[in-house]
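**Q** Residue numbers (the UniProt record's numbering), protein chains in the order written: chain A, 1 to 638; chain B, 1 to 969.
For the record, the hints were derived by calculation from the structure and aren't laboratory data.
Check before you lean on any hint, since a few could be wrong.
What the hints assert, rightly or not - Calculated lysine to any residue pairs in the SDA-like style (CA-CA distance at most 25 Å, straight line):
{"no.": "1", "chain 1": "B", "residue 1": "LYS506", "chain 2": "B", "residue 2": "LEU485"}
{"no.": "2", "chain 1": "A", "residue 1": "LYS131", "chain 2": "A", "residue 2": "PHE120"}
{"no.": "3", "chain 1": "B", "residue 1": "LYS102", "chain 2": "B", "residue 2": "LEU221"}
{"no.": "4", "chain 1": "B", "residue 1": "LYS240", "chain 2": "A", "residue 2": "GLN467"}
{"no.": "5", "chain 1": "B", "residue 1": "LYS158", "chain 2": "A", "residue 2": "HIS470"}
{"no.": "6", "chain 1": "A", "residue 1": "LYS308", "chain 2": "B", "residue 2": "THR495"}
{"no.": "7", "chain 1": "B", "residue 1": "LYS956", "chain 2": "B", "residue 2": "THR829"}
{"no.": "8", "chain 1": "B", "residue 1": "LYS199", "chain 2": "B", "residue 2": "CYS236"}
{"no.": "9", "chain 1": "A", "residue 1": "LYS228", "chain 2": "A", "residue 2": "ALA318"}
{"no.": "10", "chain 1": "A", "residue 1": "LYS308", "chain 2": "B", "residue 2": "GLU426"}
{"no.": "11", "chain 1": "B", "residue 1": "LYS492", "chain 2": "A", "residue 2": "HIS309"}
{"no.": "12", "chain 1": "A", "residue 1": "LYS199", "chain 2": "A", "residue 2": "HIS470"}
{"no.": "13", "chain 1": "A", "residue 1": "LYS229", "chain 2": "B", "residue 2": "TYR497"}
{"no.": "14", "chain 1": "A", "residue 1": "LYS515", "chain 2": "B", "residue 2": "LYS240"}
It should be emphasised that the depicted structure is a prediction, and the values quoted were computed from it without experimental measurement.
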Amino acid sequence: MPEIKVTPLGAGQDVGRSCILVSIAGKNVMLDCGMHMGYNDDRRFPDFSYITQNGRLTDFLDCVIISHFHLDHCGALPYFSEMVGYDGPIYMTHPTKAICPILLEDYRKITVDKKGETNFFTSQMIKDCMKKVVAVHLHQTVQVDEELEIKAYYAGHVLGAAMFQIKVGCESVVYTVSIHNNMYRNLHLLLRVAAWIDKCRPDLLISESTYATTIRDSKRCRERDFLKKVHETVERGGKVLIPVFALGRAQELCILLETFWERMNLKAPIYFSTGLTEKANHYYKLFITWTNQKIRKTFVQRNMFEFKHIKAFDRAFADNPGPMVVFATPGMLHAGQSLQIFRKWAGNEKNMVIMPGYCVQGTVGHKILSGQRKLEMEGRQIVSFLLSKDDHFGKGGGGSKCFLIQEACAFFSLQLEVKMQVEYMSFSAHADAKGIMQLIRQAEPRNVLLVHGEAKKMEFLKQKIEQEFHVNCYMPANGETTTIFTNPSIPVDISLGLLKRETAIGLLPDVKKPKLMHGTLIMKDNSFRLVSPEQALKELGLAEHQLRFTCRVHIQDLRKEHETVLRVYNHLKAVLKDYSVQHLPDGSITVESILIQATAHSEDQGTKVLLVSWTYQDEELGSYLTSLLKKGLPQSTS
Amino acid sequence: MAAHLKKRVYEEFTKVVQQQHEDLSAKKLRLTKPSKSAALHVDLCKATSPADALQYLLQFARKPVEVESVEGVVRILLEHYYKENDASVRLKIASLLGLLSKTAGFSPDCIMDDAINALQNEKSHQVLAQLLDTLLVIGTKLTENPSVRMRLVEVACKHLTDSSHGVRNKCLQLIGCLGPVEKGVAKEAESQSAKDVQKIIGDHFNDQDPRVRTAAIKAMLQLHERGLKLQQTIYCQACKLLADDYEQVRSAAVQLIWVLSQLYPESIVPIPSSNEEIRLVDDAFGKICHMVSDGSWVVRVQAAKLLGSMQQVSSHFLEQTLDKKLMSDLRRKRTAHERAKELYSSGEFSSGRKWGDDAPKEEIDTGAVNLIESGACGAFVHGLEDEMYEVRIAAVEALCMLAQSSPSFAEKCLDFLVDMFNDEIEEVRLQSIHTMRKISNNITLREDQLDTVLAVLEDSSRDIREALHELLCCTNVSTKEGIHLALVELLKNLTKYPTDRESIWKCLKFLGSRHPTLVLPLVPELLSTHPFFDTPEPDMDDPAYIAVLVLIFNAAKSCPTMPALFSDHTFRHYAYLRDSLSHLVPPLRLPGRKLVSSPVSTSITPNEDPSQQFLHQSLERVYNLQHLDPQGVQELLEFTIRDLQRLGELQSELAGMADFTATYLQCQLLLIKALQEKLWNVAAPLYLKQNALASAAAKQILEETYKMEFMYSGVEGRQVVIIHHMRLQAKALQLIVTARTTRGAEPLFGMCEKFLQEVDSFQRCFISELPHMQGSFVDKLLDLMPRLVTSKPSEVVKILQTTLRQSTFLHLPLPEQLHRATATIIEPTGESDNPLRFTSGLVVALDVDATLEHVQDPQGTVKVQVLYPDGQAQLIHPKPADFRNPGPGRHRLITQVYLSHTAWTEPCQIEVRLLLAYNSNRSKASAKIPKCTWSDSMEALPQSENGIEGTIPFSKPVKVYIMPKPARR
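The shape of chain A in the complex, shown without the other chains (with noise of 0.2 Å):
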């Protein structure tokens, strides 16, 4: 039985790290290439042993397809294709190439220069998987080779991010990260064109389940807040510091702050920190047919990505009077400007800071949305710190004091109190449990496969998934294979006189009904032909036998010969109505081309042996006629 087995060594019943293996008839494709947040060990990469111990793993994979530029997806494909080594195609839509090696970039850099490890990849290595890398458009049908063929479709969640579709005859399997729906309750504020698929009925749907146990609410209420505090804040007066990643979400609250500054007709001045932003800014602009209908319709007049009201900003920004905006860079406020902001403001009450994610522990930003009033500044910045000291805490610094702690290697410590506004605003674009489900309606797939979720959430939906379509549900573990038997059906060639001649006998084809038909079925070279006898016959080079069936009845008639015909033809003209029944010459009868013979038997002449002779087409008639005759005729009445 044909089967597709899966196989994840990343993101089963886990979040991080997703890469899963996929092999369908007969073809190897790996879905993703993600690297784990979580670890700075090996464990950070998928073990690509598992494919192969040893050589080289392109001769075992087919492909590689990437889903969306998130590090997660695809933080170890460097390591993969040029450390591990793989010389194989690497699928990605156009956006997702062009922003994963910035991505990438940033991430080397950070865990080569900063943390200082070695044995990474280099820059090099970016740039040489990066030329291996085949680009897809949306809804492009791509030949890998001459079975497998990928589509991809619009996926939302990012900026190019895509759905796969991977077929192999008529086997397919569906890869979805992350979609979202057209109910755009939970979804990206820039991004938000639903994700959507054909009817394909596909054998599988690989499906996330990240937010498997979540119904969210409407964005419209969520955006409402933020920019209702932002609008507050700024006419009070107040600064407004937001702290973001360089990606994704920063385009898109730039997007909806410059959206509502121009219909609100206001002044003043919105900031973000240069660095990545401003070049993925570029590759935003670039690709604006990926976003929104609000953005495609206004694109028109401007392109929304070219802002009007947002500037870049200048660290003596940070000192200006009055009301301003600023976006900065990281998203914690663990580091870096966006933490230096933060402290010349966070003296001050009317100012305000907005944390737009989710922070982890032992940040300041973490520290901060907990409540927390008082902060113990430490680390090496202190002395840069006492240094601006001076020029600051005349200013506007209210009650930040600054006192040392009695310590060894005399580091010191700096009690900040914050007096700003601390609010959280969480925007998140995973799809919820109806987005999932939504796509299952949609999609119709005869098998679902849960990944990229916390085991104990996907248990739910696996349940409400089985529970509401039927399906089969299954959720492997890392390194667990599933697998699943398919029932692939299998197309055949038929020749169109064949097929004319066929539905002309009967009525009308009904979809619903299956039909019987006559025909030979090749198989040759791989492939299926239905075609006619009489071709088959002339293809083989076999001369046509003809195969007849000849029955004897015996018949107690006492009268004469023509007389026991002219019998049995009244008879048969009775009884099939509908079939032409002739009286020949010669004496004999045909029914259809059923020849039927009477003589008188040579030994008892009341006895009258009918010859029944039909050729194996007519089996079914001739064997009905056989038992009619053989029932006797009825007593005749003249």
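Given the coordinates of chain A, work out where chain B should sit on it, guided by the hints.
**A** Leaving out everything else, chain B in the frame of chain A:
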């Protein structure tokens, strides 16, 4: 028949040969028009290849064919059709047949047989489909003939088994359009064929081709539209089609379900997989709701739109559409709406500052959660959050319609509607504001909702702000804090966008009069009065202060205790505002003061209304005078005109009527005065100067008559006659004056001719009205007509003069409603002392904002005129999109006028005003009146467009200070 037809063809044919002959021999002598069919025939015969023939046919199709030659052409085409082997040519011929049978006045029954014949022998599917299309055209032209329809339907049924989808498509279309609809007739007529159209169409609901399925559903809908009652059994079939793979099928199926739900709302249908039963309309509602989350946005729009018109649905189902359950990690979470509501009811002000404010609460039973909602659950929640704004607009519209019919639903959907005020697309925001306005009598806004609503006041789009002001006019607010909040936000709006002044004042007027008790406790704070200290008197010209006063005075109208809280200057300000902004400030019963005008109770019918009576009486008085001495007549007229004008000022609802009659009397007065001139008694050449008055009067009367005809809405035919009559008199006067002042009869001759033509056309246009005009100028004139036509100009003038003097004064009947078109230019205000500077030769854009009242078809008639100091006038036609229609009878013009001029040495003022263009040809009563070439005043005005005959200024001119600077080199 056939023989006859053949003969006809040959007749045509022979004609051709002759003509060709002529053409060849003598090309100049082309007197007879060559027959279309003949030419075509020749062309087709000449054609050597199918491509050639196709070319000829294409050329032929471009030219129209006269009704008489259609049949001949059809014969020729058919003949070629039978001969033709190429399918594409036959296809073109078939389509031409269809086109030809559409020709107005041609009855296609004679070609039906041929078309059916052609159908029977046709092999190509495409041509078959095209022929069926032709039959459809023929059938739709002969809908009255049941036997033809029967026959066509039979033909269609026969071809339903065709293997091509195109043919089946057309067959179904044909059945849908022509299938028998009448029950009784259908039964007996169809007894022989024993075919039920609905069943035939229904059988194709599960055709293998989606296009055929769509066509089948469409045909069913077509039958419904034509009045056939669809059977309820189709409902099940239609429900299955909702799960079709193809969007056009689903879209059509949604429609069909909707139709059925309207036909059989109360039938009971079983719920599959349970023993329960529900009403069909509820079931259908659930199913359509389900389609709101369909994969295709076309279907979603369709479904969302239809939901609005399903008003019979039970409230239980209706309320489910707004249902949303949130959860987070398997724990129930409250929606933002619920949280807001809770905060409100607990009296705590929304902080939104706590992290984890929205933290999920109780655990959820995993079994009870339904992820894919069945039926109506959350349909609107989905629709309003759709990614496509088309779907969102449709959902808002549907919400509006349902909320209008169900107050409880209106209350529930409020939260969602308020959310939509912050949509990213302006159209959606605007639509939801309008929706809210429409349902506003069913709802009361909570404070937090009001807060969200008011936040939109800062929107930079004027449309949004004005829609919001309109909404606030009819909103119910629950608390005094709400009123205060609204006032504060409106004042903020006022400072940010000063041009919204009028709109904001109006909004506060209604807000005040709707909530007097809520305003009362706010009064001391709003007027900043203090129990012990005198506070400084606020600036009377401050728009914000006026806004506050408007709110308070309107509230005070129904709250007699309020004036006690006013300070002295408030009373003074009241008096001032009551006079200057009387439309915003109501009359108040103030202590120690007599109420100036007694409130007019609305119960008085127009006839009993004293002012109405006064109007009629004064008119009576004027009409009764016939034989007073001229002096007395003039005086009476003058007094009456004065009375009427004052009445118009006092009673705004009678203003139109009073002005109209006053204008008429003014014309009459002018006419009398002109005729009383001494100049008539003196020899003409001596008094050249004196006639200035008479000719000026004639001019003015003409102008006034145009105003009367075109500036008032509600003018009926009876008035138009009188107006035209007056105009005729003015023209007669003009003629007489000219006759007196010019020498020689030459110019007079033409003028007389023209005048008589006008009299003639007057008679033709208003023949029915003539009996009412006994003794009038025109009556007498028509009696003398035979003499006038034959006599010399000087004679004519004499006759006219005497008739004009002797003619009586016509009674002007008043219509029910009469409104004068008015326009007020809001912007530019004309107050600015800073000239608008621009480089000469370049263009500057001037924003013009004006309100128009009682203007019919403003897009076609309203123009902007710019007058430069050098007398140069420029007429600008605003774009149709510049006009908005905020209410019945009101329009708003917001446009930009481009100015340019050569350099000036110093800034100077230009005048901007609005003109009403008119064209008497276009006016309702007059069918054809020659242009008034005599009126000199009209000639002075620019006649830039053919449709415009003249223009009437109908707004006060506004002066704009501009300064074109010389270009720097």
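**Q** Does B:LYS102 pair with B:LEU221 here, judged by a C-alpha cut-off of 25 Å?
**A** With a Cα-Cα distance of about 24 Å, the restraint between B:LYS102 and B:LEU221 holds, given a limit of 25 Å.
**Q** Given the hinted pair A:LYS515 and B:LYS240, is their Cα-Cα distance within 25 Å?
**A** Roughly 23 Å between the alpha carbons, so the hint for A:LYS515 and B:LYS240 holds.
**Q** Would you check the hint for B:LYS492 and A:HIS309, treating anything up to 25 Å between C-alpha atoms as holding?
**A** 22 Å, holds
**Q** Please verify whether B:LYS956 and B:THR829 have alpha carbons no more than 25 Å apart.
**A** 11 Å, holds
**Q** Tell me if the straight-line CA distance from A:LYS228 to A:ALA318 falls inside 25 Å.
**A** The hint holds at about 22 Å.
**Q** Between the alpha carbons of B:LYS240 and A:GLN467, is the straight-line distance 25 Å or under?
**A** 21 Å, holds
**Q** Within a Cα-Cα threshold of 25 Å, do A:LYS229 and B:TYR497 meet the stated pairing?
**A** Within the cut-off at roughly 23 Å; holds.
**Q** Checking one constraint from the list: CA of A:LYS308 to CA of B:GLU426, max 25 Å. Satisfied?
**A** 19 Å, holds
**Q** Are the Cα atoms of B:LYS158 and A:HIS470 separated by 25 Å or less?
**A** 43 Å, violated
**Q** Run the distance test for B:LYS506 versus B:LEU485: straight-line Cα separation, threshold 25 Å.
**A** Within the cut-off at roughly 17 Å; holds.
**Q** Please work out if A:LYS131 and A:PHE120 have their alpha carbons no farther apart than 25 Å.
**A** Distance ~19 Å between A:LYS131 and A:PHE120 Cα, so the pair holds.
**Q** Would you check the hint for A:LYS308 and B:THR495, treating anything up to 25 Å between C-alpha atoms as holding?
**A** 24 Å, holds
The structure does not agree with numbered hint 5 stated previously, though it agrees with all others.
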